[in-house]
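Asker: Residue numbers (this note's numbering), protein chains in the order written: chain A, 16 to 382; chain B, 15 to 227.
One should not assume that every hint holds.
Within a straight-line C-alpha distance of at most 27 Å, the following computed DSS-like cross-link-like pairs (lysine-lysine) qualify [claimed, not checked]:
| # | chain 1 | residue 1 | chain 2 | residue 2 |
| --- | --- | --- | --- | --- |
| 1 | B | K27 | B | K219 |
| 2 | B | K27 | B | K132 |
| 3 | B | K143 | A | K194 |
| 4 | A | K248 | B | K219 |
| 5 | B | K219 | B | K65 |
| 6 | B | K143 | B | K132 |
Computed, partial: chain A to chain B, Cβ under 7 Å [as the list claims (entries may be wrong)]:
| # | residue |
| --- | --- |
| 7 | W58 |
| 8 | V178 |
| 9 | V180 |
| 10 | H207 |
| 11 | N209 |
| 12 | A211 |
| 13 | G304 |
No lab work stands behind these hints: they were computed from the structure.
Fair warning: this is a prediction, and the values are worked out from it, not measured in the lab.
All C-beta atoms in this analysis are idealised placements derived from N, C-alpha and C, irrespective of residue type, glycine included.
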Amino acid sequence: MPQPRTTNARDLAFVPGTELVFGPQAARRRQVSDTIARVSRGWGFTDIILPSFDDRRTFEGGDAHDADLYRFMDREGRWLVLRADFTLIAAKALAVELRREPRTIRASYEGRVFRFQPSGHGARVEQSQRGLEWVNAPGSTFDAATLCIAGECLSALGLHDAVLVIGHAGFIGAALGEKGRGDRALLEALDHKNPARIHELARRRGLDAARTELLAQLPGLCGGAEVIARARKIAPEPEALGALDELEVLARMLRESGAALNVLYDLGEVRQFSYYSGMMFKVYHHGVGDDLGGGGRYDRLFDRYGLDVPAIGFGFDLARLTEALPRTEVNGAATATFASAGQGAIALRMLLEARTRGEQAILAGEP
Amino acid sequence: MLRMALPTGRILKDAERFLASAGFPPVENLSQTRKLMVPSQCGRLEYLLVKPVDSPLYVEQGVAELGVSGKDVLMELAPDILEPLDLGFARCRMVVAGRPEIRRSLDNTLSPVRVATKYPRVARLHFEKLGVPSVILKLSGSVEIGAVLGLSHYIVDIVETGTTLRENGLVVHEEVAQCSARFVVNRAAFYSHLSEIGAILEAFKSATEKAHV
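Just chain A, with the same shape it has in the complex (with noise of 0.2 Å):
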């Protein structure tokens, strides 16, 4: 028999926010996950099985900091990174499909993410994600179908009160103007809804009046459809303008659709270095702190790799939605067949009985 290595409880410690779920909550996450996986089904979604780690260009442009990758090196010097984000290892997988074929693309995947974090807040370096990538899928109806595939997992899970939170990437872009774009600062007070802190910074940065004005009005246009004409009246550029008409299209098609979704306009918001080049969301829960998952468009990915291809998609976070699920029981199998190990083949006889009238078999070791 082998010594046990230790007794010492600190060996059983695990890496703070690393993920570990067992018993009534990993299945309530099982739940969770095949309820999404079966809508995403029902859209003709099919999945794709992508791989953990890659080479670290994958993984340049999206909202990951250089410095939160894990990276590691192979035997033969590589440098590698652990998966960070999903969208653009998928870009990567189908820019080799589209390649050799191009047509429109539903691919649904299901893992984990990497990024570090600090200890102390909560938070988590490993993310279990499900989501869906719809490639070669341009303009509004695309936009709102994917709202709806988004709204119906939320209902089909009984979050009937999520609300969906459009903005849009371009609107943002103009509004911000070429130089906000990569003031870092500005961006993170648009992020805080900060008017006194967006003042401070138009003031020392010598923007003019108008723009001050705009970025300052900006953390206000978040309410229903009616925002979309309010911000038509701040944003006079045609680029601005472009953004608002493609919202107006998309809230028309969702009114005319008859989509029952629960969803707000909010203009304000940003997303720091992300990829996002149109309409964009996130879905939120009174019951939970933080967004349950979100997505958008992404027209421009695809160029790093020498394709023009308008895409779409969002992804869900598994542990921020089933924290916000109602705490109800989950079904288990209707009947099992209990047998005792100790009774050897009689037993097995039982079980396998039982497996094959399709119940639940439960072989007990020796009390």
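Put chain B on the given structure of chain A with help from the hints.
Answerer: Relative to the frame of chain A, chain B by itself:
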């Protein structure tokens, strides 16, 4: 009813006066009660009395939908929450202070300056921005002693009137930021209770404008 995290200590009296002026007085005196949760008279808010440094965490995690927090604490913790209003009270300055004869502060030299502070993140980022190498010493209180007795070249701390600094023979070398109490909001709560939080924000806005006239 929405829950609002309020910091006990220095800010609480001002916060209580502000809430009363905005139309949300608590049912009992917050500075005197031993309860940790007290509703407002109107029944729209429930105040949660917490340590100042914990207030943003309660809001970030969604345990409290709303909160009041000093900008100094927000700068140190950098929580992922919304900060839609400067409430204007509990004003102070975050400064770099030290003995008057210390002059080597803001030159970029290779030997690091030693900085004692309750705000290690703020201090580290400030000296990084200046390109000055620093060794940060985290203290929990009476930071001034650090500079007086030569534990550090400088301290990074908040000052209101500057009396404590003066009485200990220290001077302000540089201002890092202006601080005051801020109204903070959880992201998910902001969207889930948009109209109610919008109404509270408007009430708070007009109360701060009244206070400044």
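Asker: Now, for every hint given, state plainly whether the structure supports it.
Answerer: A quick look at each hint next to the structure:
no.: 1; hint: K27(B) to K219(B); verdict: holds (19 Å)
no.: 2; hint: K27(B) to K132(B); verdict: holds (23 Å)
no.: 3; hint: K143(B) to K194(A); verdict: holds (21 Å)
no.: 4; hint: K248(A) to K219(B); verdict: holds (23 Å)
no.: 5; hint: K219(B) to K65(B); verdict: holds (25 Å)
no.: 6; hint: K143(B) to K132(B); verdict: holds (19 Å)
no.: 7; hint: W58; verdict: violated (25 Å)
no.: 8; hint: V178; verdict: holds (5 Å)
no.: 9; hint: V180; verdict: holds (5 Å)
no.: 10; hint: H207; verdict: holds (5 Å)
no.: 11; hint: N209; verdict: holds (4 Å)
no.: 12; hint: A211; verdict: holds (4 Å)
no.: 13; hint: G304; verdict: holds (3 Å)
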